[in-house]
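So the protein lines, in turn, are chains G and H.
Residue numbers for the first sequence follow our numbering, so the first one is 1 and each next one is one higher.
Residue numbers for the second sequence follow our numbering, so the first one is 1001 and each next one is one higher.
In short, the hints are calculated from the structure, not lab data.
Everything numeric in this text was worked out from a predicted model, so none of it was measured.
One or more hints might be untrue.
Below 30 Å or equal to it, Euclidean Cα-Cα: the simulated DSS-like pairs (lysine-lysine) are [claimed, not checked]: (1) H:Lys-1116 / G:Lys-90; (2) H:Lys-1134 / G:Lys-121; (3) H:Lys-1029 / G:Lys-118; (4) G:Lys-118 / G:Lys-90; (5) H:Lys-1116 / G:Lys-121; (6) G:Lys-126 / H:Lys-1029; (7) G:Lys-118 / H:Lys-1134; (8) H:Lys-1116 / G:Lys-168; (9) H:Lys-1134 / G:Lys-126; (10) G:Lys-90 / H:Lys-1134; (11) G:Lys-90 / H:Lys-1029; (12) G:Lys-168 / H:Lys-1029.
Take a look at the letters that make up each chain.
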Amino acid sequence: MNPPSGNAGAPLLEFDRVTVRFTDVVALEDVSFRIRPGETRILMGAAGSGKTVLLKTAMGLDRAASGRVVLMGEDITRRPETELFDLRSKVGMLFQESALFDSMTIAQNVAYPLLNQKAIKMEREKMEPAVRDSLRFVELEQTMERYPSELSGGMRRRVAIARAVVTKPPLLLYDSPTAGLDPITAHTIMALIIKERDVDNTTAVVVTYRYQDGNLVANFRYNPNSGRLDPVGSQGTNTIFMVLRDGRLAFEGAQAELEASSDPYIRKFVKRPERDAA
Amino acid sequence: MLDVLKGPVQAVQGFFELTGRAIRNVIAKPLYLNDIFLQMDSIGVGSIPIVLLTGTFTGGIMALQLGRELQQYGQTDQTGTAVSIILVRELGPVLTAVMMAGRNSSGIASELGSMKVTEQIDAMRALGTDPVKKLVTPRMLATNIMLPCLTVIDDFIGMVGGWVIGMIVYNLQSLRYWTTTWQALGWSDVVQGLLKPFVFSFVISLVGCYFGLNTTGGTQGVGRSTTQAVVVAAVSIFVIDLFLGKIFVSGQRGL
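Please take these sequences and the hints and turn them into a complete structure.
Here is the structure:
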């Protein structure tokens, strides 16, 4: 395991020997890594390997039993919940099942962080344009007055992305953004994630079990003129892959190292990139 | 042995922790007034039909049974007294609370449980809201306000039920019935009749919230939480009622 070096800037998120336990189950064990600004991390692993727990621990939604979690330079490991709200406003999270509020319209869902996050305190007249912008970003402006139950799974995922990015957070955590979606919708979602990275220069952790998602993020860039994804060629993107196995970090490194790995567990996740992925 | 006790002890600890946080949030800003009114409507106004139905029939059956017994002693006139004391002191608060446990503890547990398993609770925390403040405190306050009101409605409608049966079956005079009903009640009965629902309202709302927020295991888990919430809330109401009853009985003896 060779942590990549050479990236400047203080880490946005740091795990220092973090262990997370639930009653009798160890969900994460001795996990350490640092995410610097501008990086995109692709987090892979089998079901139950601790991917979701890692994201939730990063936001303080799950708590570390030992070790240290440092988010935006602040140690959040032992902070009480009420002190975490301001810090959480700087992190956008896309939950696995979208987690949109059923009782609210799409517009209310997207406006929720603007209304409720004390650190943001947006004036009401500015809120509507911000919500509209964010929904336009995911190309769902027309759904503002509808309810989540009226939308398809892919559309709900896009609304959840709009809700995660509406506050323009510097760090985004995507939990299995393409899980359960057909390949075309999955590609649309990944294209949105890449667009968000390249338009707003955000740092992100993308949990996925599909290697082609990681490959897309690592090798394609959003072209604002054509609105399509273009290959980046040899210069690459600042993408680092991580693989979790039974709560432990089994791999951390660049795509080339991942593809060169001889570990049978890691090899399971590595398929040759599809030629026409974009 | 200790492992067997661990679960229940942790549950009780978790419940009181939630209770503490919910009560502390009453004085902390922001107070979600809209949510409180919404819950008052759903928990309180929504329960009026079942309270009216159960109240009428409970009062009716009490008048029917007690009237027959009192007839043996030539005291049918006292039916109103018996009906009003039993209703105001015991049956009104307990029956209303049990009905509310069936309707609202389950409703709250399944609603919050579904939110929990679909990660909406986590999303709420991630988006800057304390779920206890946003979801639990409004439900608790709404039940605190509405359950005593519903109990008063239940007491009154029960008396009406008793009056109708008394008139039809035992040919009671209306004036006589309502006079004895009114005169039978002392201040301690009224205090007891209002204090009990206030205490029960914490049980109904917080047990529902506790089981809802601690749901695990998908939709099956939601069903389990809902059932547990109703059972625990209903049993707790009967247990607490006995203790409160004992306090009031002792208090009256001392006076």
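Hints and how they fare:
no. : hint                   : in the structure
1   : H:Lys-1116 / G:Lys-90  : 23 Å, holds
2   : H:Lys-1134 / G:Lys-121 : 17 Å, holds
3   : H:Lys-1029 / G:Lys-118 : 11 Å, holds
4   : G:Lys-118 / G:Lys-90   : 12 Å, holds
5   : H:Lys-1116 / G:Lys-121 : 26 Å, holds
6   : G:Lys-126 / H:Lys-1029 : 23 Å, holds
7   : G:Lys-118 / H:Lys-1134 : 14 Å, holds
8   : H:Lys-1116 / G:Lys-168 : 26 Å, holds
9   : H:Lys-1134 / G:Lys-126 : 24 Å, holds
10  : G:Lys-90 / H:Lys-1134  : 21 Å, holds
11  : G:Lys-90 / H:Lys-1029  : 22 Å, holds
12  : G:Lys-168 / H:Lys-1029 : 26 Å, holds
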